[in-house]
Amino acid sequence: MVEFPFEISPMFEGERVRKEGMFVELGGPKSLGLELVRAADMDAIEDDKVTIVGPDLKEMEEGKTYPWAMVFNIGGELVEPDLESVVERRVHDFINYCQGIMHLNQRYDVWMRVSKDTAAKMDSFEPFGKAVMMLFKTELPFIEKMQVTFYTDKAEVEKQLEAAKEIFKARDARTKDLRDEDVDVFYGCTLCQSFAPTNVCVVSPDRVSLCGAINWFDGRAAAKVDPEGPQFSIEKGELLDAKTGEYTGVNDIAKKLSAGEFDKIKLHSFFDSPHTSCGCFEVVGFYIPEVDGIGWVNREYQGMAPNGIGFSTMAGQTGGGKQIVGFLGIGVAYFYSPKFIQADGGWNRVVWLPAMLKEKIAETIPADLIDKIATENDATDIQSLKAFLQDKNHPIVATWAAAEEEEEEEEEEEAEAVAAAAAPMMMPAAGFQMPAMASMPMMSTGKAGGIKITFKKAKISIERMVISEKKE
Amino acid sequence: MTKVIAITGKGGTGKTAVAALLIRSLSKKGKFLLAVDADADTNLPETLGCENVKTIGDAKEFLQAEITKPRPDNPDMNKESVLKSKVYEIIEEMPGYDLLVMGRPEGSGCYCYVNNLLRGIMDKLIVNYDVVIIDAEAGLEHFSRKIIRDIDDLIVVTDASRRGFRTAERIHELVDELGSNVGRIHVIANKVTDANSEKLVKLAGDLKLNMIGMIPLDPKIEEMDIKGIPLFEIQDDSVAAVEIENIIQKLGF
Chain A
0 MVEFPFEISP
10 MFEGERVRKE
20 GMFVELGGPK
30 SLGLELVRAA
40 DMDAIEDDKV
50 TIVGPDLKEM
60 EEGKTYPWAM
70 VFNIGGELVE
80 PDLESVVERR
90 VHDFINYCQG
100 IMHLNQRYDV
110 WMRVSKDTAA
120 KMDSFEPFGK
130 AVMMLFKTEL
140 PFIEKMQVTF
150 YTDKAEVEKQ
160 LEAAKEIFKA
170 RDARTKDLRD
180 EDVDVFYGCT
190 LCQSFAPTNV
200 CVVSPDRVSL
210 CGAINWFDGR
220 AAAKVDPEGP
230 QFSIEKGELL
240 DAKTGEYTGV
250 NDIAKKLSAG
260 EFDKIKLHSF
270 FDSPHTSCGC
280 FEVVGFYIPE
290 VDGIGWVNRE
300 YQGMAPNGIG
310 FSTMAGQTGG
320 GKQIVGFLGI
330 GVAYFYSPKF
340 IQADGGWNRV
350 VWLPAMLKEK
360 IAETIPADLI
370 DKIATENDAT
380 DIQSLKAFLQ
390 DKNHPIVATW
400 AAAEEEEEEE
410 EEEEAEAVAA
420 AAAPMMMPAA
430 GFQMPAMASM
440 PMMSTGKAGG
450 IKITFKKAKI
460 SIERMVISEK
470 KE
Chain B
0 MTKVIAITGK
10 GGTGKTAVAA
20 LLIRSLSKKG
30 KFLLAVDADA
40 DTNLPETLGC
50 ENVKTIGDAK
60 EFLQAEITKP
70 RPDNPDMNKE
80 SVLKSKVYEI
90 IEEMPGYDLL
100 VMGRPEGSGC
110 YCYVNNLLRG
120 IMDKLIVNYD
130 VVIIDAEAGL
140 EHFSRKIIRD
150 IDDLIVVTDA
160 SRRGFRTAER
170 IHELVDELGS
180 NVGRIHVIAN
190 KVTDANSEKL
200 VKLAGDLKLN
210 MIGMIPLDPK
220 IEEMDIKGIP
230 LFEIQDDSVA
240 AVEIENIIQK
250 LGF
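Protein chains in written order, with numbering that gives the first Met the number 0: chain A, 0 to 471; chain B, 0 to 252.
This is chain A alone, in the form it adopts within the complex (with noise of 0.2 Å):
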């Protein structure tokens, strides 16, 4: 093992080079900082080298502030482009390792100071760039080679950051594109199961955790990190249904930590087996039965949605960890995911929204249907929801038709079953199944609350059921 002048260990992490003990600073939030990773081919790279442009670090003036950029090349038999920010990730935990090395930040904002201790220690950048890619090449031995350049130069650091911008800028874009169907892996999160015990967040490339603030690509920094942590990998397993987004790893690990709870979680789907809901959630879809359609109301909105029930309350009925067939929580962001309740229809099946919130995601609204969908300035009741979906001619007035023939062919006393309809216990007509166990919330219009029936591996068969309020 090489020596170097200073001590490596995970445990100087969270070393704090305080101003009176610096002797430079590198980049930060008064200078420039830069770092990149870059894969290269084999022949590229001169294994282990650290280049220097501009002045090293003993030719540095005692406290002050430099521009830094540091671009590291790896190569390798399995390293690919799509590995460089896994990679990169990785700078911020390995020149913490340092002793006297602080590093904050990533990309474009890196910020970094040297101890006068350390600096005591070593004349030039050298050892510290051979100790960090050391650490690289021991934790992911995927990196067989690796060099790395350090620019301190101002004119040379400016002229990096600009090709690194437009490098982050593609990468960046790649990350968008990236679909549930392109990784193996999806990632779970159990950091609500504190206070939502069979909750089981499923996060996947189409699925941005409940709370908005976990994507796939946290969920896989954090999983290689701590396995063991809040976050941890899922292999998806085989594709049990495209559609409804339905994996045979994801049904085993809801059935796991749900302690059997459920067995299922449909990943793009609202009415079967849909995505448990924490109570963190963004927003909460609810069903209308009156209209077969789904509204959604989001956390800051303050008024109630057309079935006469506020978040907080249908947050309250919604989390803890529950399936709820009828309501379903979720991230802000799922409403960009092209994959977004496609099981029930997608944006088709939409019919509400606060106004605030369909203003801040309008662009992911397809445009045909941007005008159709009713917020509270068109709608603040059933009836009123009903008449500018109908005004409107919103794609769920046309299975109203379809329904209502179905209706009458079956039934024969029309006026009982416009009297059943006016009690929301009208189940979506088209090609909904009572799920094997469902939790059907039953509410009364105008009133928050109700209660819950839940059947489990029912079979019902009805004859005719007439639904009227209780008369006192």
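Watch out, some of these pointers could steer you wrong.
Below are the DSS-like pairs computed for lysine-lysine, each with C-alpha atoms no more than 30 Å apart in a straight line [what the hints assert, rightly or not]: (1) A:115 to B:30; (2) B:53 to A:18; (3) A:18 to B:30; (4) A:242 to A:175; (5) B:145 to A:255; (6) A:164 to B:68; (7) A:136 to B:123; (8) A:63 to B:123; (9) A:115 to B:53; (10) A:18 to B:28; (11) A:263 to A:175.
DEER-style ranges, computed between Cβ atoms [as the list claims (entries may be wrong)]: (12) B:68 to A:467: 40 to 50 Å; (13) A:463 to B:64: 53 to 63 Å; (14) A:315 to B:248: 44 to 54 Å; (15) B:207 to A:223: 45 to 55 Å; (16) B:1 to A:42: 41 to 51 Å; (17) B:70 to A:226: 25 to 35 Å.
Note that these hints are calculated values from the structure, not bench results.
All of these numbers come straight from a predicted model, not from anything done at the bench.
Yeah, the Cβ is synthetic: ideal placement off N, Cα and C, and Gly gets one too.
Here the structure of chain A is known, so what remains is to put chain B in place on it, guided by the hints.
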């Protein structure tokens, strides 16, 4: 090992003054310390002579806003290192010690993830110091969130009022409920006069509270307060500063 001391108590009992005096004495002794203002209501920074404005609350809001953007600019952002950078930027470097202000309570969204990141950052930050002194509000919110996990000494400051003691008793109960990792709980009686000292001792005894110090009512402190002089600049021979020396010894320094 870092020693974590939290100072709490009913508002108006002078807990911030006690915290500032402890910080002053310990840092004079050469202890490298982190002062944490964990009470949105207090003015520890001013008491220490620092016009600090940025807070952990700001850092959390910044990250929360960034990561809950429906279309994040960089989905693969290293959130831990970004939050850590913000926290390290906020830390105010005072002569001989660092100051960190927790600041405003969080907004309405879910902060589980951000708080989880913050917990990890705080764990690693704390080991940088010999002592961490926390000026905490009586509800101990940051401890219930386990942003700071372990407390070696919890000091409840009270004046001679029955309500001050009631708060002390409630905090005692709260600690049990929280299941926090609290080593020892002490009481410091503040603004003690000849007239109320006996009553204070008796009250503490009745409530089975461990009294480790009685700070006399110090006219100099009131004078400094009126003139707006940071308490940090108090004279060594003032009666309050002398009693703080005794308390520090009892705390094992």
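Verification of the supplied hints:
| no. | hint | in the structure |
| --- | --- | --- |
| 1 | A:115 to B:30 | 20 Å, holds |
| 2 | B:53 to A:18 | 18 Å, holds |
| 3 | A:18 to B:30 | 17 Å, holds |
| 4 | A:242 to A:175 | 20 Å, holds |
| 5 | B:145 to A:255 | 27 Å, holds |
| 6 | A:164 to B:68 | 20 Å, holds |
| 7 | A:136 to B:123 | 25 Å, holds |
| 8 | A:63 to B:123 | 26 Å, holds |
| 9 | A:115 to B:53 | 27 Å, holds |
| 10 | A:18 to B:28 | 21 Å, holds |
| 11 | A:263 to A:175 | 27 Å, holds |
| 12 | B:68 to A:467: 40 to 50 Å | 48 Å, holds |
| 13 | A:463 to B:64: 53 to 63 Å | 54 Å, holds |
| 14 | A:315 to B:248: 44 to 54 Å | 52 Å, holds |
| 15 | B:207 to A:223: 45 to 55 Å | 50 Å, holds |
| 16 | B:1 to A:42: 41 to 51 Å | 50 Å, holds |
| 17 | B:70 to A:226: 25 to 35 Å | 29 Å, holds |
Of the numbered hints given earlier, the model fails none.
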